[in-house]
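In the working numbering, the protein residues as written are 1 to 284.
Please keep in mind that the hints were generated in silico from the structure rather than gathered at the bench.
Hints are not guaranteed to be accurate.
[Said to hold, decoys possible] Below, a list of computed lysine-lysine pairs in the PhoX-like style, where the Cα atoms sit at most 20 Å apart:
{"hint": "1", "residue 1": "K103", "residue 2": "K167"}
{"hint": "2", "residue 1": "K227", "residue 2": "K198"}
{"hint": "3", "residue 1": "K205", "residue 2": "K167"}
{"hint": "4", "residue 1": "K207", "residue 2": "K152"}
{"hint": "5", "residue 1": "K167", "residue 2": "K110"}
{"hint": "6", "residue 1": "K228", "residue 2": "K207"}
{"hint": "7", "residue 1": "K228", "residue 2": "K205"}
{"hint": "8", "residue 1": "K274", "residue 2": "K30"}
{"hint": "9", "residue 1": "K198", "residue 2": "K228"}
{"hint": "10", "residue 1": "K152", "residue 2": "K89"}
{"hint": "11", "residue 1": "K152", "residue 2": "K106"}
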Amino acid sequence: MVDLHTHSTRSDGTLTPTELVQLAKEAGLKAIALTDHNTLTGFREAQEEGARTGLEVVPGVELSTSYEGAEIHILGYYIEQDNAAFLKKLMGFADGRDRRNRKMAKLLQKEGFDITVEDLEREYPGAMITRGHFSQYMAEHGMAGNPDRAFKEYLEPGCRCYVPQEKLSPFDAIGLVRLGNGVPVLAHPVLCPMADGKLRSLIGKLKEAGLAGIEAIYSMNEPEDEKKLLGLAEEMGLLVSGGSDFHGARKPHIQLGTGRGGLHVPDCVLEGIKEWHRTHVQAG
1 MVDLHTHSTR SDGTLTPTEL VQLAKEAGLK AIALTDHNTL TGFREAQEEG ARTGLEVVPG
61 VELSTSYEGA EIHILGYYIE QDNAAFLKKL MGFADGRDRR NRKMAKLLQK EGFDITVEDL
121 EREYPGAMIT RGHFSQYMAE HGMAGNPDRA FKEYLEPGCR CYVPQEKLSP FDAIGLVRLG
181 NGVPVLAHPV LCPMADGKLR SLIGKLKEAG LAGIEAIYSM NEPEDEKKLL GLAEEMGLLV
241 SGGSDFHGAR KPHIQLGTGR GGLHVPDCVL EGIKEWHRTH VQAG
């Protein structure tokens, strides 16, 4: 069994890359993909621990995009870690995220909270600071009862301190993953806020832009969702991917490898992604 959607402290997870690999090994997983938001910085650490423990670690990333007002995420697998062109464009994400974080910090200060980006960077060294870090810091420093309350009252869309992300389109994100010689996959289609017909149309357009697969096996799927998405992948000639979207304590109801308890991503899912990478990227 594998888990191809996980997060560490390098984005908004609560386990370090090393701790994540150790937990995956304890859980009996054969492989994980580290797919932190808009950053590759945790992979080397995870890879080293994977080599020590005998767990396969797939280099990955999750890119945040926007399409007609909806938030769409694109996963990239087997991104080249030293691809200069890819890393240069990814740095633009980091610059935009820093601008956003500073704006949110100023809005929170106007609400009376003693919080700065520098405070967050000291508290969470090496992390790509996200709204999750804001909410966690606020809870741990007595500014909110718990992270969830801080998030819902101040940091969700429509709240006083929310600042929208500077985002690519999903088509640009697919191009970026392909630039890094990776395998682009649509993350958690079940969470895309659109009707089935519109989602199908979008997936068709994404495939034309180079999309390789969809995350048909996912923690928040109901059985009928998974059946429908597996059928859609087969119909459209797309790869199947699957993962828990594990974040550690930030999403305590989601467990590594098993999601809400019933998740099962077989080894053959990863083998299919490897084969696509060999035939569409390495062979080219």
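Structure-based check of each hint:
1. Taking the CA atoms of K103 and K167, the gap is about 16 Å. The hint holds against a cut of 20 Å.
2. Our distance criterion of 20 Å between C-alpha atoms is met by K227 and K198, whose separation comes to about 18 Å.
3. For the proposed pair K205 and K167, the alpha carbon gap of about 19 Å is at most 20 Å, so the pair holds.
4. About 35 Å separates the Cα atoms of K207 and K152, which puts this hinted pair outside 20 Å; it is violated.
5. Restraint check for K167 and K110: not satisfied, since their Cα atoms lie roughly 26 Å apart, outside the 20 Å limit.
6. A hinted pair counts as satisfied when its Cα atoms are at most 20 Å apart, and K228 with K207 qualifies at roughly 18 Å.
7. Distance restraint check for K228 and K205: the Cα-Cα separation of roughly 19 Å lies within the 20 Å cut-off, and the hinted pair is therefore satisfied.
8. Restraint check: the Cα-Cα separation between K274 and K30 comes to about 14 Å, which is no more than 20 Å; the hinted pair holds.
9. Distance restraint check for K198 and K228: the Cα-Cα separation of roughly 15 Å lies within the 20 Å cut-off, and the hinted pair is therefore satisfied.
10. Our distance criterion of 20 Å between C-alpha atoms is broken by K152 and K89, whose separation comes to about 31 Å.
11. Of the supplied pair hints, the one linking K152 and K106 holds, its CA atoms being roughly 18 Å apart against a limit of 20 Å.
Consistency with the previously given hints fails for numbers 4, 5, 10, ordered from lowest to highest.
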